[in-house]
Amino acid sequence: MKAYIMKRLLSIIPVLLIVAVIVFFIIHLIPGDPASVILGEEATPEEVQTLREELGFNLPIYEQFVHWFAGIFQGNFGSSIYMNMPVLDAFLGHVGPTLSLALLAQSISIIIAIPLGVIAAKRRGTYVDQLFMIIAMLGLSIPSFLLALLLMLFFGVNLQWLPVAGYSPVSSGLWNHLQFMILPAISLGAIQAAVISRMTRSSMIDILNMNYIKTAKAKGVKNSVVVYKHALRNAFIPILTILGETFGALITGAVVTETVFNLPGIGQLVINAIVRRDYAVIQGTILMIAFSYLILNLIIDLLYGLVDPRVRLNRK
Amino acid sequence: MTSEVKLKGEVGIGILKVMKNDLKKEQRRLFVRRFWSNQSAVIGSIILVILSIFAIFSPMISQFTPLEIDPVNRLNSPNIQHWFGTDNFGRDLFSRVASGAQVSMGVGFSVAILTAVIGMIIGLYSAYYSVLDHILMRICDALMAFPDILLAVAIMAVLGPQPINVVIAVTISKVPSMARIVRSSALVIKEQTYIEAMKAQGASSLRIIWRHIVPNILSPLIVQLTYIFAIAIILEAALSFLGAGIPAPNPSWGNILFDGKVVIFSAWWMTIFPGTFIILAVLGLNLFGDGLRDLLDPHSSKANKLQK
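Quick mapping for you: the protein sequence lines, in order, are chains A and B.
Taking numbering that gives the first Met the number 0, I'd label the letters of the first sequence as residues 0 to 315.
Taking numbering that gives the first Met the number 0, I'd label the letters of the second sequence as residues 0 to 307.
It cannot be assumed that every hint is accurate.
Said to hold, decoys possible - Far from chain B, by Cβ distances over 10 angstroms, these chain A residues were calculated:
id, residue
1, Ile4
2, Met5
3, Ile21
4, Val47
5, Phe56
6, Leu58
7, Met136
8, Ser140
9, Leu149
10, Pro162
11, Asn175
12, Ala217
13, Arg232
14, Asn233
15, Leu301
To be verified - Covered by chain A, according to a simulated footprint, are these stretches of chain B (three or more residues, beta-carbon under 8 angstroms):
id, stretch
16, 81–92
17, 161–170
18, 230–241
19, 254–266
20, 275–289
Stated by the list, open to error - Pairwise CB distance ranges, derived in the manner of DEER restraints:
id, chain 1, residue 1, chain 2, residue 2, range
21, B, Val116, A, Ser10, 26 to 32 angstroms
22, B, Ser183, A, Val220, 35 to 41 angstroms
23, A, Leu158, B, Leu131, 36 to 42 angstroms
24, A, Val220, B, Phe34, 38 to 44 angstroms
25, A, Lys221, B, Asp21, 53 to 59 angstroms
No wet-lab data here; the hints were simulated from the structure.
Every residue gets a Cβ at the ideal spot worked out from N, C-alpha and C, and that includes glycine.
The shape of chain A in the complex, shown without the other chains:
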């Protein structure tokens, strides 16, 4: 197990490095001089020159990279020119709504998807199964921001049950928080639910066909115990992987969904930064999201090894 963990940890280092290089160079590919873009057309050459020196843009590009990269290890992601604060602070200030949205969406999708997937697998080929899978197909085909707009139109504008946009933090009371989060969470969770229920169904079907399930049934174990205890536990492994893989999709969806509902999350931070050409914020935020994606997948891989001994033995 130790060797397995070490191997996985080592394998992530080159990827992290390449991620950092990509983030750095995307920004430096932007045509024109960042300093003059930031200051606008009316700036004098002297002002531009001062800002360039202040931001370190006058140094050779590899020196800028080394400087920036060394900063990251000290938790220094640069600072936002527009907001006049360190990028890390801006990120932490915006991470709350996004995390809350992602967690709510993920919980909603798991609560809906796993039972649906299990039922569909138990009754595969019946109308129930077909109905569930048609719903899942529809869920898979509606982009989350579009579902967000449709929900907003229906529940916000027509029925006026819930506010269409805005945000209030958890500290202002749970209901206050939730009433702003329900629609975004449902619109983001729906596509997740579709993916997870399809995955649950197919992995449950695979497992229900296995010999040990037949043995359990032949022994006279109750059907519900076979399905929920013997089968579902093993079906969890592929489901766990999907949860990790779809984290990226969840963040992607959150970015756009946030802009629909005006939630002050990471999505808004990045989009505003791009509009304002606040390069340090774009770099820092995208980098942190990519890092957290990699680390989450690493954790899931390690959990995988923990849950299923075959994984760590095979990969040695």
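Fit chain B to the supplied structure of chain A, relying on the hints for placement.
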């Protein structure tokens, strides 16, 4: 004597060729039959055909052009003259949705083709050369760590708002997963005995890769292509909706939704119509892809599909 043998041989080869052709015909006939009995494939292709007809012909029957501004008739609800209503500039929504269909589906299609070609080249060569494999796959891993929309938005910020740049941005964010799928299929083929035999006979790697591996990975590639097409439509819509995609005033489904969001309280039609078309296009492609997968690639893991 010798000529007779030769003649017999030629006749034999001729018969074999005829048999081979018959076999191919039979296979094709069976494929067509299985296609028609596959519900998803049929429903999916019907939706796609209808949408393509809509995209090609509706600009011809519309009395308005998508960019024609008519401030007097701002935000009209759907009526006989303006079938889908008008937008906040008084532009006819039907012709905007129709011309948006060309833009959105055009972007999606170009992305799908480009991604398939680039992903195939990367995937094949990294499956074949293990040194390349290490480098290319680490880069793919790194690119896949970025949420696709953020990567695309960042690339758009670099390249500037142009339709061709939307294609480039979305392609870059989708190539890595395509390359991974091609690579994993190619790795399986590469280990087969007949490839080993080819190598032993001294076939060039170019020949092995393009004449003997490629035909065997086409099925998963084509299936994946339809899914990428669907994802590209979603990404284009999302990019345009964020204001980083197709530049205004040109219509695309995402742009119309962007304009519609501001007036969502008064003009439901600006959200419902383009939204319906996005859902139909993505649904059609997903169904078609699922159908094709069952037809072409019955053993493939369903997990591939879920990688979005």
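Contradicted hints - numbers only: Hints 3, 7, 8, 9, 16, 17 and 23 not satisfied by this model.
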